[in-house]
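Q: Given the coordinates of chain A, work out where chains B and C should sit on it, guided by the hints.
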Amino acid sequence: MTSTVVAPLATRRRPGARVVARLQESLPKLVLAPSFAAILVFVYGFILWTVYLSFTRSRLLPVYELVGFDAYERLWSQPNWWKAIQNLGVFGSLYIGICLALGLLLAIFLDQKIRGEGVLRPIYLYPMALSFIVTGTAWKWFLNPGLGLEKTMHAWGLEWFKFDWLVNPDMAIYTVVIAGVWQASGFCMAMFLAGLRGIDGEIMKAAQIDGASTFALYRRIVIPLLRPVFLSAFIVLAHMAIKSYDLVIALTGGGPGNATELPSTFMYSYTFTRNQMAVGAASAVIMLMTICAIIVPYLYSELREKN
Amino acid sequence: MSAAVVVTRQPGSSIATKVFIYGLLLAFAALYLLPLFVMVVTSFKTLDEIRDGNMLALPQNPTVEPWMSAWGQSCVGLTCAGIKGYFWNSISMVVPAVAISTLLGAMNGYVLTKWRFPGHKWVFGLMLFACFIPFQAVLIPMARILGILGLADSTAGLVFVHVVYGLGFTTLFFRNYYEAFPNELIRAAQIDGASFFQIFRRILLPSSGPIIVVTVIFQFTNIWNDFLFGASFTSGGNAPMTVALNNLVNTSTGVREYNVHMAAAMIAALPTLLVYVLAGRYFVRGLMAGAVKG
Amino acid sequence: MAFLEIAGLRKRYGAVEILKGIDLTLDRGGFLVLVGPSGCGKSTLLNTIAGLEAISEGTISIGGDVVNDLHPSKRDIAMVFQSYALYPNMNVGQNMAFGMEMRGVPKEERDLAVAEVAKMLQIEHLLTRKPGQLSGGQRQRVAMGRALVRKPRVFLFDEPLSNLDAKLRVDMRTEIKRLHQKTGATIVYVTHDQIEAMTLATKIAVLKDGELQQVGTPAEIYNRPSNLFVADFMGSPAMNLIEAKVTNGGARKVLSLARPGAHPLHLPLAGELASAAIEADQDVILGVRPEAITDRDGADRNARHVELLDCQVEVVEPAGADTYVVTHLGGKEVVARMRADAEVQPGQTVPFAFNLEKAILFDPATGRRL
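Protein chains in written order, with our numbering: chain A, 1 to 307; chain B, 1001 to 1294; chain C, 2001 to 2370.
Hints were generated in silico from the structure; no laboratory data involved.
Here the structure is a predicted model, which means the values were calculated and not measured.
Among the hints, erroneous ones may be present.
[Unchecked claim] Capping the alpha-carbon separation at 30 Å, the derived lysine-lysine pairs in BS3-like fashion look like this:
no., chain 1, residue 1, chain 2, residue 2
1, B, K1084, A, K243
2, A, K113, C, K2074
3, A, K243, A, K83
4, A, K113, C, K2020
5, A, K113, B, K1018
This is chain A alone, in the form it adopts within the complex (with noise of 0.2 Å):
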């Protein structure tokens, strides 16, 4: 009878019995062990000394004197801070906005039992699969004003159609609206399709029974059983708009101007270009905070339902 991992034997009297028990009872936990430090200390630890440093007055090295609120101070007076800031509500809201009625909108096309589903739903993903830089170097050509989409307007006779936005001021935020809902959107018709394929095709019966229309259906039953769905993508994307950097730097360069200075590009440049670290930690911060806001009510209901 071969024993059980689990009971050490405590009867034989030979001297590291003992410990190599004791060793092998607690080994699951030394596996976890080094990731679990490796986040404590890479993740958390360095969101401490991220903060810390916000209340120093770092500039190109790190200095560790306390000074409050000083970069705070100095961040909420910067004019291009608070550029960032509409800008990300601007884009944010739009991009999020967006993604989710065109994702809603192609998830419910493609569920009407449509031929070529197979070929046209990884049309609609694969620009997720693209990395932000490439996806701003695509659309900066497609949207190049003289060389880009305006020229072959042009050229098919549409002598008045202008598409300077990239180049804009006032419009170059809505580019990167364009970029990045023709990226993640793909993303949200996935999530809605699974959405209302797990509808039960008898509630759909039900309804035809009691005579909805077509429109009275998705408004009074569909949608309202999709709300997971859109609390779900809501989530990614609101993160996903939050730390977007990579494609404002390829698309705009955060330009023209601070035009489309987002609070992840202001972080970096005054981090490491201006030699304004303190600054830099302090609008870090302000990000993580933000995503905290919404993170974390969502995470702590999702993990609290499944007790």
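A: Below, chains B and C without anything else, positioned relative to chain A:
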């Protein structure tokens, strides 16, 4: 099950709706493909053709010159040796990073589901939350530490960074997958005398095919496509592909060789696109798993 | 004229014919049960009556109106589904009122109708709850309530009790029967459970592979099945179907049943068997239900043709109220239902009482009753 409303009667209107639906879907498909199409097409044109012609037009005299130039001669920063070096940098960064983070994630998932201990929910919660932080919050300290460890501006440093920050996701994937794995099999193996590692290697791992594929694809795509870490922690010769591409495209010296830029972008995109085409199903699963609750 | 008439109904999916020429009628207030094994087409038939699926040929009329081409919501029907199909995001009251809302009925009328039905089904206290907060039995009542509120001409039930546990199923079955008696509604009910069919129906239609096997009252279906399939499918435990041969036993013909290790058993062609159209040396199948084979003292005193024949007992299964005794005849296991205190042991040879008034003969080649 589908939410689609059953089409009954009135053949006339149902054909009209079908046409409308297909039309809309195809129009959008064209829109989605357009930028890719333009990229590909432009990368095969000569500069003259680009200047004079329509970006949507097919190349009149297709040439692979831009691709050759992108690969071997284009100027990234100060060196003009093409992007091939950076391509290999990316590869030598991605492969170890994906392998290590996947393996660690698998072991973590195993421990968290089959060897529960008090407080495991908190441990998992903390690891899960780490997926969501904006990396800007850890850039500064990480830059310092890499410098201290002598890993600044090196591929090894990037591997380290990607492994650490990928642990949250890989652990999440494996943990969810192993959660559904029947505990009775583990018990039976224990009764048979299998050790901790034997159970993992002989029982769990062989059944983990799907989740390994999903995790590898997810990690590969994310790490290959990463820019922020690459730009923050490397420069010059050790930079990954994405950084090189950005430098190439955004240098404003001299003539802008759009065709070379597009070719370089295609080269950067090909690995992940290829993975997507071959294993798209798993790619989607990874996306959804990352979005769904822990 | 019947209230619900289905004539020549056929349904095809491409080249496959799912429903092969169905003719059914149902009077007003009747309870028609469509019963059969999985895949026989009963749910499809119900869906075509509802209008959820189109038909390839034939007509369906309700109350004299042909409804083939009408949208489900215009046929004046209501349906109760297997999974209840309650709208999860609305509460019970809203679920019940939804159909009326879609038809533009004003709120006061809707509330009145809902309250009335809720009272009848005793679910008034659940009106503000959401489906997710209800038990299976409660959800089933709400689903029925939603159908009742509509006051349709025909009620359609699609295996409504299949998702309930055994005890609840019995309770709900009684409730449905009570509801039918109280409201006099016309009901078409689909189930795979033949006990439900027997207890609830005024008329049963047995289906197999898209074809009607037999249509009749429960008694007809049970006592005079028209073919082997119906005989086997309905009744639990199943009817014994024993291979036999018609031989000349002197002046009269007898049924010869093979027995292992003994002379064949001879059953006279009396009772029901006498009227069968058979000839000598014909192979037949004898159908006799377990309750028609008992021990000597348990036999029905009022039966006119009971034959006592010795058979060897193989297995004895005491089941509380009865004892099931298994023997071997005609090369097959035959189950007899004896009294609980019958003294029978495996291996014994005891007299079995065959009630020939309840026996039937089938043609092995066609499966039909002779």
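Q: All hints, please: hold or fail.
A: How the hints compare with the structure:
no.	hint	in the structure
1	B:K1084 / A:K243	29 Å, holds
2	A:K113 / C:K2074	25 Å, holds
3	A:K243 / A:K83	16 Å, holds
4	A:K113 / C:K2020	27 Å, holds
5	A:K113 / B:K1018	10 Å, holds
Comparing the model with each earlier hint shows no violations; every hint is respected.
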